[in-house]
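Undergrad: Next come the chains, spelled out residue by residue.
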Amino acid sequence: MAKHRIRVKVQGTEREAEVESRLLLVHFLREVLGLTGTHIGCDTTHCGACTVLLDGQPVKSCTVLAVQADGREVLTVEGLERDGKLHPIQDGFWQEHGLQCGFCTPGMLITGYALLQRNANPSEAEIRQAISGNLCRCTGYVNIVKAVQHAAAAVNAGKQQRPTTAA
Amino acid sequence: MALKTTAEVCGMGHSMKRKEDPRFIRGQGHYVDDIKLPGMVHLDIVRSPYAHAKIKAIHTEKALAIPGVLAVITGETLAQFNLHWMPTLMSDTQMVLPVEKVMYQAQEVAAVIATDRYIAADGVEAVEVEYEPLPVVVDPRKALEPGAPVLRTDKKDKHDNHIFHWEAGDRAATERAFAEAEVKVKEDIYIPRIHVASIETCGCVADFDRAMGHLTVYMTTQAPHAIRTVFALVAGHVGLSEEKIRIVSPDIGGGFGGKVPVYPGYVIAVAASVVLGKPVKWIEDRMENLQADSFARDYHMTAELAAKRDGTMTALRIKTLADHGYADAAANPSKFPAGLFSICTGSYDLKHAFTEVDAAYTNKPPGGIAYRCSFRVTEAVHAIERITDVLAQELAMDPAALRMKNFIQPDQFPYKSVLGWEYDSGNYPAALALAMKTIGYDELRREQAEKRQRGELMGIGISSFTEIVGAGPSKDFDILGIKMFDSAEIRIHPTGKVIARFGTKSQGQGHETTYAQIVAEELGIPAAHVQVEEGDTDTAPYGLGTYASRSTPTSGAACAVAARKIREKAKKIAAYLLEASEEDLEWENGKFFVKGAPQKAKTIQEIAFAAYTNHPPGMEAGLEAVDYYDPPNLTFPFGSYICVVDIDRGTGAVKIRRFLAVDDCGNIINPMIVDGQIHGGLSMGMAPALLEEISYDENGNISGGSFMDYLVPTAMETPSWETAKTVTPSPHHPFGAKGVGESATVGAPPAIVNAVVDALAHLGVRHIDIPITPEKVWNILKEKGVAE
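Chains A and B, in that order, give the protein sequences.
Following the working numbering, the numbering of the first sequence begins with 7 at its first residue and continues without gaps.
Following the working numbering, the numbering of the second sequence begins with 111 at its first residue and continues without gaps.
Treat the hints loosely; a few may be bogus.
Straight-line distance between alpha carbons at most 30 Å, and here's what the computed DSS-like set of lysine-lysine pairs gives [what the hints assert, rightly or not]:
| no. | chain 1 | residue 1 | chain 2 | residue 2 |
| --- | --- | --- | --- | --- |
| 1 | A | K152 | B | K765 |
| 2 | A | K15 | B | K114 |
| 3 | B | K127 | A | K152 |
| 4 | B | K585 | B | K607 |
| 5 | B | K429 | B | K561 |
| 6 | B | K682 | B | K114 |
| 7 | A | K91 | B | K127 |
| 8 | B | K445 | B | K461 |
| 9 | A | K152 | B | K547 |
| 10 | B | K679 | B | K593 |
| 11 | A | K9 | B | K547 |
| 12 | A | K9 | B | K561 |
| 13 | A | K9 | B | K445 |
These are calculated hints, taken from the structure and not from any lab test.
Source: prediction; values computed, not measured.
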């Protein structure tokens with residue numbers, strides 16, 4: 007199996023590794039880099055648990071090869087918190103009970119983060135459309151919608167409503 | 111319920127933010143596939159393309175020639191240790207790996223162990239299996255016909271495909287009631303095979319330490335203690351003794367009943383670790399999960415209801431054929447082969463009822479587990495709530511009025527049902543009245559009448575369900591002999607902080623928060639300072655696990671009782687410290703004080719410190735307690751749901767415009783979490799009602815075996831659920847709570863079906879089987895001549 011040396015900027019830090027052609031990006035993140043926050047829930051690009059940002063766009067990393075990320079930037083759930091401060095999308099999920107088992111949550115957070123990057127004031131319909139590629143079996147989506155709205159409000163207020171460096 | 115604690119203490123009734131969330135929102139959860147042990151190797155499974163076939167040969171040479179492939183395990187390998195078959199929870203047997211034949215498509219045939227998961231998959235591709243196809247039995251009705259191929263040829267005395275017959279109630283008295291009835295309705299109702307499809311699939315890391323003879327299995331299990339005992343019983347003959355087995359349930363990405371059974375993959379991983387002396391990881395992919403893990407439902411029911419012309423229900427009769435696949439691998443209490451189906455008289459004061467279930471073997475995966483439900487309660491509720499609407503239609507009565515007329519009345523509780531259950535508490539008319547008022551029932555009926563005039567299809571559906579959860583009292587409830595108590599162990603540290611451990615295992619329910627709130631309520635110690643642990647059999651007290659909405663009724667109760675034991679000891683210490691007699695002390699807000707002299711007080715924190723530093727002479731040091739709680743009865747949560755649908759005459763698509771769930775689960779620990787449970791349950795009720803189904807063609811080929819065609823609802827199909835509550839505490843539970851995690855999954859499907867049928871009732875439609883797909887509806891519209 008051919009090997010390739012790839013360089014990927016992950017959460018802003020350059021990472022380099024030799025990988026097989028067939029290695030999926032999700033396995034590169036989880037097993038080569040040890041970033042296990044990104045989960046695998048299906049094999050057919052339906053569930054979205056593996057969603058990460060690739061050059062700012064949400065992608066399902068179970069359907070992207072690691073070599074396709076060469077020379078590009080990846081953001082995973084572990085990169086959302088900055089300087090010990092949760093991103094509003096993380097806080098929104100906590101405050102609004104937007105998660106239960108937590109397995110779909112990293113993908114939901116990344117999708118929600120990407121939505122707020124391009125639309126700071128999404129309607130409920132826009133939020134539902136945005137997360138429609140991310141399956142959640144626990145929450146019935148009601149509180150996920152609220153969580154994204156909570157985050158949008160916090161972003162728009164220019165600050166987080168509840169500072170949460172604890173826990 | 112009035113709050114008894116401050117926001118700082120955060121006892122019952124507070125919507126405390128979840129203690130488990132900080133790790134999950136940071137991607138720091140610890141799920142089984144996140145575990146990486148030194149020297150760990152990977153297991154992947156060869157699966158059968160045939161639903162029924164003889165295995166003529168398994169060629170492993172090419173696989174073993176791949177660099178990195180360490181071993182290929184077959185049924186023959188396991189047969190050397192007599193581990194190729196294993197018992198099911200229902201005292202049937204199922205294969206771990208086959209020696210002679212496969213019994214369903216996607217059945218495990220062999221396992222490849224390799225240094226890397228990609229190489230293991232290469233090895234699976236390289237294993238060559240020669241099959242000789244055998245006649246396939248897919249339809250359970252045909253399975254029971256004389257002359258059907260006998261599937262379980264491994265059972266020497268088995269000459270048909272019949273698994274069991276079970277019945278409840280008085281057959282003759284019910285027959286008489288039907289014979290005398292003024293009105294009778296009858297409907298065939300099928301609930302198809304579905305799958306829980308938790309977003310995390312199943313898997314494990316089995317780690318056998320050869321030097322110490324110690325086995326640790328990190329696995330996706332809802333019942334770690336029971337699993338340890340099962341492993342000890344099944345593998346005792348190869349030297350696995352229970353004190354040397356440790357089962358750890360790490361964070362679990364959803365269970366819903368699908369992570370109760372022992373699947374062959376777990377057992378093969380354990381065997382591989384024992385043979386190789388290395389940690390072995392097995393993680394299913396989604397297709398394996400859907401195609402091979404235990405299914406739910408698959409009940410072919412015929413429901414009949416007898417009534418007087420004024421709408422008084424007089425008798426219920428339900429006959430069911432259950433398709434269990436090739437083995438009865440249901441996860442029921444052992445004395446209940448059809449689970450708690452005899453709750454099928456529901457919320458109604460029926461004087462006569464009889465129900466019977468026959469189960470059949472077919473060439474499908476084994477199972478009969480719950481799908482977020484307490485042992486066949488969903489099937490029972492679907493039958494009674496559907497046939498109630500059929501009766502309403504027959505009598506031209508409003509379905510709400512028919513329900514109100516037949517409800518068990520509040521003053522009848524505790525209520526002994528004709529099929530033998532004692533309902534603990536309820537107020538059914540209040541729940542339905544609240545639902546009707548909140549959603550504006552009468553106005554909706556007016557709107558529907560107007561729309562019908564214009565040819566628009568709108569329906570309103572009601573479901574007034576009663577559940578039976580919290581198994582269960584040891585008199586009747588056991589799993590393979592182990593009584594279905596559950597446990598709590600609370601230990602107060604010198605500084606008044608707490609560790610509390612439980613026999614249950616959260617899979618998203620939020621136990622780390624809710625159990626902490628129970629301790630806070632009972633002892634006045636802030637929930638923030640109560641560390642909750644579950645899932646490690648080396649540390650947690652023994653318990654039967656989390657499923658069937660049993661955690662709050664059993665371990666939650668144990669938690670309160672253990673806390674009260676601690677309070678008893680704390681009182682003695684307080685009396686000693688205050689130089690008062692125990693009788694003169696009162697407890698409030700986390701402290702004991704002398705009656706009439708509230709300034710003479712000791713807080714629980716002061717008492718905890720004294721328990722280690724200044725305890726009364728003759729008393730044991732420390733402040734801790736354990737309780738194994740044997741519930742005196744089950745709990746009977748209930749609710750009334752109202753669903754409003756609009757049907758597109760062009761496409762047949764059903765749109766849920768509104769859905770209101772009024773639930774009553776007694777006293778509530780955390781309202782935010784309860785609402786979250788209801789939201790999720792409603793979605794898992796809507797899913798099989800409108801979308802999900804696993805079906806098989808005549809050759810046993812699966813449809814619905816991946817997320818390409820097994821349609822888990824997205825945010826687009828899911829409506830914005832509305833919720834409301836009534837509160838009728840359970841009289842026998844220590845703090846008046848009932849289980850709630852599954853109520854909505856049980857209650858929602860008939861509300862949706864009743865709404866769709868209601869929208870089409872004027873066209874002569876009386877029943878539609880789930881899932882109600884656009885295609886099904888469109889065909890009905892076409893047949894009735896109203897499709898656009």
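Undergrad: Flag every earlier hint the structure violates by its number, smallest first.
TA: Violated: hints 2, 4, 5, 11, 12 and 13.
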